[in-house]
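K.L.:
Since chain A is already given, all that's left is putting chains B, C, D, E and F on it; use the hints.
Residue numbers (the numbering used here), protein chains in the order written: chain A, 25 to 257; chain B, 25 to 257; chain C, 25 to 257; chain D, 25 to 257; chain E, 25 to 257; chain F, 25 to 257.
Hints should not be assumed to be uniformly reliable.
A pair counts as met if it fits within one copy or between any two copies, since identical chains are not told apart.
[As the list claims (entries may be wrong)] When the alpha-carbon atoms are kept at most 30 Å apart in a straight line, the in silico DSS-like pairs for lysine-lysine are as follows: (1) K236 / K158; (2) K166 / K68; (3) K120 / K72; (4) K158 / K68; (5) K166 / K236; (6) K236 / K211; (7) K120 / K68; (8) K158 / K80.
It should be emphasised that the hints constitute simulated quantities derived from the structure, not laboratory data.
6 protein chains.
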Amino acid sequence: MRVLAIGAHPDDVEILCGGTLAKYAARGDHVTIMVATNGNVGSKALSKDEIAAVRKREAEASAELIGADFIWLNYDDEFLFHDRESRMTFINAIRKANPDVMFVHSGNDYHPDHRICSEIAVDCRIPVTVPLIKTAYPHMEKIPHVFLMDTIGGVGFEPEAYVNITNTFDMKARMLECHDSQNSWLKYMYGTGVVENAAKTSAFRGAAPGFKYAEGFRSLPLYPIPGGLHLLP
Amino acid sequence: MRVLAIGAHPDDVEILCGGTLAKYAARGDHVTIMVATNGNVGSKALSKDEIAAVRKREAEASAELIGADFIWLNYDDEFLFHDRESRMTFINAIRKANPDVMFVHSGNDYHPDHRICSEIAVDCRIPVTVPLIKTAYPHMEKIPHVFLMDTIGGVGFEPEAYVNITNTFDMKARMLECHDSQNSWLKYMYGTGVVENAAKTSAFRGAAPGFKYAEGFRSLPLYPIPGGLHLLP
Amino acid sequence: MRVLAIGAHPDDVEILCGGTLAKYAARGDHVTIMVATNGNVGSKALSKDEIAAVRKREAEASAELIGADFIWLNYDDEFLFHDRESRMTFINAIRKANPDVMFVHSGNDYHPDHRICSEIAVDCRIPVTVPLIKTAYPHMEKIPHVFLMDTIGGVGFEPEAYVNITNTFDMKARMLECHDSQNSWLKYMYGTGVVENAAKTSAFRGAAPGFKYAEGFRSLPLYPIPGGLHLLP
Amino acid sequence: MRVLAIGAHPDDVEILCGGTLAKYAARGDHVTIMVATNGNVGSKALSKDEIAAVRKREAEASAELIGADFIWLNYDDEFLFHDRESRMTFINAIRKANPDVMFVHSGNDYHPDHRICSEIAVDCRIPVTVPLIKTAYPHMEKIPHVFLMDTIGGVGFEPEAYVNITNTFDMKARMLECHDSQNSWLKYMYGTGVVENAAKTSAFRGAAPGFKYAEGFRSLPLYPIPGGLHLLP
Amino acid sequence: MRVLAIGAHPDDVEILCGGTLAKYAARGDHVTIMVATNGNVGSKALSKDEIAAVRKREAEASAELIGADFIWLNYDDEFLFHDRESRMTFINAIRKANPDVMFVHSGNDYHPDHRICSEIAVDCRIPVTVPLIKTAYPHMEKIPHVFLMDTIGGVGFEPEAYVNITNTFDMKARMLECHDSQNSWLKYMYGTGVVENAAKTSAFRGAAPGFKYAEGFRSLPLYPIPGGLHLLP
Amino acid sequence: MRVLAIGAHPDDVEILCGGTLAKYAARGDHVTIMVATNGNVGSKALSKDEIAAVRKREAEASAELIGADFIWLNYDDEFLFHDRESRMTFINAIRKANPDVMFVHSGNDYHPDHRICSEIAVDCRIPVTVPLIKTAYPHMEKIPHVFLMDTIGGVGFEPEAYVNITNTFDMKARMLECHDSQNSWLKYMYGTGVVENAAKTSAFRGAAPGFKYAEGFRSLPLYPIPGGLHLLP
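Chain A extracted, bound-state conformation (with noise of 0.2 Å):
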């Protein structure tokens, strides 16, 4: 199976979805980190050029612990939008991955970027599979199924189903410190460690199903819905 993570920033991916990612490739599925934005000013020292090349190579070396392959879009931070050419750009990076499931951000996460990514990211599961529609890579054959990831703090998020990342939290906690720049950036800013968030939530997820730790998941209800949750690791 071929797996497709879509975050906004770097590092979103990780906090929202890193155990699950972990747990796909660990038993041999292909997956793919794609990260929308540059991070470009996450920082209070850098320029916006050193913070975005730093954050590049953080997000790198997280995909590479898994073994996942890297998409970086290069949107500048703070400032995605949906228009044609962020459409098209989107459509061509899904048809590099080529998923069968593809994790998105909820329509209701915290952060303009986050809402904006995954309208975007939604907008193209089905034009991905046109072959009028003409981009580098060729068209998919199938619309993959798009699973919702919860939100930052679990804010308006009620899962449907749970995966048990008991056994890859510490890979999760390794990717999470690959990002070394914004885990100093987010104390700055919110006073908390990224590793020491997803603890707190990732053991509040695990409390309904009784796991250690768990990511909680929502099926797209938008037709077709071509999975289901049995498609979760």
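P.N.:
Here is chains B, C, D, E and F on its own, set in the frame of chain A:
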């Protein structure tokens, strides 16, 4: 795996998850069908006792088609209420079936017996495991995972998961046809037969996932959530 | 009464409210069908321009069957966006139709063009009445009442009102059959033909009200609400 | 057409659909007002029996103003419960009124008697048609269409349809003024009179549709849905 | 200010609002903890009477830690029902506490006793003020403001307001540790201890507001709404 | 405390939170009113530029009544769009006001400008704090707490908290009366004046909490939630 489906009236289980039960049975899972009321008002011609006897025979015949165990609680049709007596009766009956997964009506289904039957069954899910609650059958070791069945007419129900019943729709139809008396009653009350209704709903529920026939379900959204949608066949 | 139905693609209006439009037309109301995109990716064999030309002819033929006026906005299929240009184009086109009631896609429908077409149409409902917004057609005197059409596959849509289309289902099927190219495309993409799908959905939507075939609608829940569900035929 | 409105206490029906009932009555429809409890705690000065007698006379006088039939079930105020006895009592009383449409409280209204009265009434909608359930009045031929009335204070209620009661608001006020004892009680409990409250709510509910005064309703979202919002006057 | 928290079982109040109650108590408000059932099935080793006696002592000890009054209703664990007797018992007990604000379970919490305890408590909020309803304690002068507590596991609950319990989390933990018998029972049933669970949930609920530990609440959405979220400490 | 209210058109802020702003101002908080569009289509007699000039003067006069700062973004009425330019303009303007709490339209309000203005404002709440996003005004130190204002007509809005504006309703009315041109336009478009509408809505919103006049609000349900409803006056 042990499966228990609890219907308010004879034929409810067949209508709402007959194809799914047939699929469980066909792959070797142990299935129990439990019927709360005896359907003793479902006739224009027979007395209450006569129609109840007819409906019990019909329901047993239907269960037999898939080799399911059969539990008949014999409450008066239209007059199921939730009190200590009915709670204890359900606890004991569920313990007899000893299920890993349990199918119950949705709490917003069309008929009072459906709604109340759902409430009692859901309220028993934890007590069935409590040793100090003594009934004829011993307490269960684990809280079963609970699936909510579709509503009649699909009103107010959005599935989280779809079971492909294309291959078992014929069995579902055969099970429904066992309920001969009910078929004529439904035609008297609403103007359509039960197989025709089932085909309509199953075809519609198949539209989103792209199956010829499907049945839709949700997991009960209450802590703890011991299983998940992967428990569907 | 003047009725306007706005679809994202050729055939959407027929799928989602064809029977209702036929009923309006049959009783003498004035009906306009407006199509936002030209369907120019809906083919495996033809070029974009060729398939767009085919689809326009098909849509016109369908509208003619019920004597409806026809408005073709000619946006690229899969690439409708909401900007000042498209907003102005919709305002002018709606003014041309000058409707008392307007049917638009639901905001959570399956396809980006549907969702965006819904958003533009809803966002035009007030500006069409504003004199200082100048377009080729004069401003309207009254805000039209807006009905939301069902979603494709009925996913995430709960009707508030049902129109009995048993008597106009044949006309709906004939209208759908005009869309010859789309029928084969849908079979290629999803495996089922459009009349078969329509029968499935219309039969299901008829279950609750007890009609053989029905279409379901909601009123737009935004102030002002100038009309009501009694405006349905 | 035959119309039945069921209120938990004397004056509830007047508050929540008095203008609508007056409109039905004025156009010649047959209206019945049914009151579940006797309001026997609604006084600081009188005994339970005394205040119950007063309130019955007040409610009868109100019903008489629009020529409505009147059914008084005489349950203790604040202590309506849903059991076999109350279910049978409601079935019989509804059969007496034999309605085509039935107005009941919303299930989330503010007072326990309202919520439970709603539940019992909704749960009777099907049994009233069942021949084998014997009561003093004969079984009905058809399941009535059920409208949910607004909540007190409009909390948690979003209308699907609005009835313009501008022309019958005076009658609604006159009906409310029949409930003399309740008016003073409400002023004691909440500080405002019932006509003042009704004017406030009716004016607000009129804002969206652009009426001076309106009452808002929803259809009961349960299968079968035998009628629709066009049954409103 | 007078505060009443009503839990279905011994320890529920501590789990769901212990930190908040400790905060009220620390600033000098008067707190009462009321427990509906006696927890008499919560043991593998003891008889019903023995475990009930143990749990009463534990709950009293917990209440004492913050100087709270304690009300023990002594209903059978797992068998709380809503009838006239339980309604009257709750009315009298609430009058004894005479609260300005009242904390009750959410109506969709995981356990039947929680849901039914919530329903009874909510249904008493108005009758407690009615003079003609006579109980041992006199009627209250004002309807209390009602807060809904979080659900166990946080399933299906979205807070409207967060109380920062970072400073009282230790007291919450001490209160929870009083429930020694329950701790071992929970570990037997679900595999985790109650302090560990509380830390998990409180840390998660603190994520959105940026507190180390928080408890989340909603106001009861029913008319009248006599207070507001500013009544939280 | 510093308060910023952002309205789509001149007078929106007064309609939806004028009484609340007056209350903040009266107790000494610093208030800014920001208006996104210039209202340049709101006239039958004047040209676009003329009416825009009139409306700016009216809005300034209204703000002056409570001593509020005033920000005029001057976008074309009916044509606010969300793009990089409008995002940057809002970021800079919000930084100028530098608020602790921010009032924005609900995302489901009646008018496209309201919905889009809400979206832009919400999407700026985090970027305003990011140092690497450079605008004329310096970045803010903290993410402001965001309150959602009621919708026009109250359609689809359920308050979480109510502000008692009985004492400031007169000031609200005076502020609204500054918008002389709009008043006549509204009467032309919808038939009622703005003070009359405000009284209607404020009286209704006061029903649940028992205030003569109230305004209702919700907190934005997005992480982080830096404040709470106690920040309301």
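K.L.:
Among all the numbered hints in the text so far, which are the ones the structure does not match?
P.N.:
1
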